[in-house]
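Q: Sequence:
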Amino acid sequence: MKKWMMVTGLLFVGVVVAQVASLAENIRAYASWTRVNVNKINTAGAHPLGKDVYVNLAPDRLLSTNGNYKLPFAQGTIFVKERVDPQTLQVTHIWVMQKRSNNAGDWAWAAYERKDNTIQGGNLADPVMCVGCHQQASATDQVFTQWGRR
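In numbering that gives the first Met the number 0, the protein residues as written are 0 to 149.
It is worth saying that the hints were derived from the structure and are not from the lab.
Since this is a predicted model, take the numbers as computed values, not measurements.
Nothing false has been slipped in among the hints.
Restricting the straight-line Cα-Cα distance to at most 25 angstroms, the calculated cross-link-like pairs of lysine to any residue (SDA-like) are:
hint : residue 1 : residue 2
1    : Lys69     : Ser31
2    : Lys50     : Pro126
3    : Lys50     : Ala28
4    : Lys50     : Trp32
5    : Lys50     : Leu88
Pairwise CB distance ranges, derived in the manner of DEER restraints:
hint : residue 1 : residue 2 : range
6    : Gln145    : Ala30     : 16 to 26 angstroms
7    : Ala136    : Pro47     : 12 to 22 angstroms
8    : Gly66     : Asp115    : 38 to 48 angstroms
9    : Arg60     : Ala23     : 18 to 28 angstroms
10   : Thr87     : Ser63     : 31 to 41 angstroms
11   : Val127    : Thr91     : 20 to 30 angstroms
12   : Thr33     : Thr117    : 23 to 33 angstroms
13   : Gln134    : Ala30     : 26 to 36 angstroms
14   : Gln89     : Asn122    : 22 to 32 angstroms
Backbone N, C-alpha and C fix where the C-beta goes; we use that ideal spot for every residue, glycine too.
Produce the entire structure from the sequences given, and follow the hints as far as they go.
A: So, in structure tokens, the structure goes:
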């Protein structure tokens, strides 16, 4: 029985590592970053329901003294939005915005999707759809999700 549990555990770890390894190296640990939203985001939009958004900045670097974002975001800021299927509890999609410069609106975009037991995807060469939609959030440097007050 113990051997069976150990083998099952090792297989599970192997699958998780394989899934994470398919993400770009600079975002693999995104789940340990600052979570922007307090509750799952379930509003309709371009991305399916059941989302969480993470950023690679600590709150003191992300927010001004009034609790709003420090804008524009600095070069190297990365936002990751994950979608979790509510029935399987597996991450099904990951969308990424990475700031290329300190200029407002200068983002690189990436998208990942679960295919079987791996996450596949990468940088978008022509993110016209992303940019077209996110321009509606130009007042917040193209970021829709606002900081969830704690």
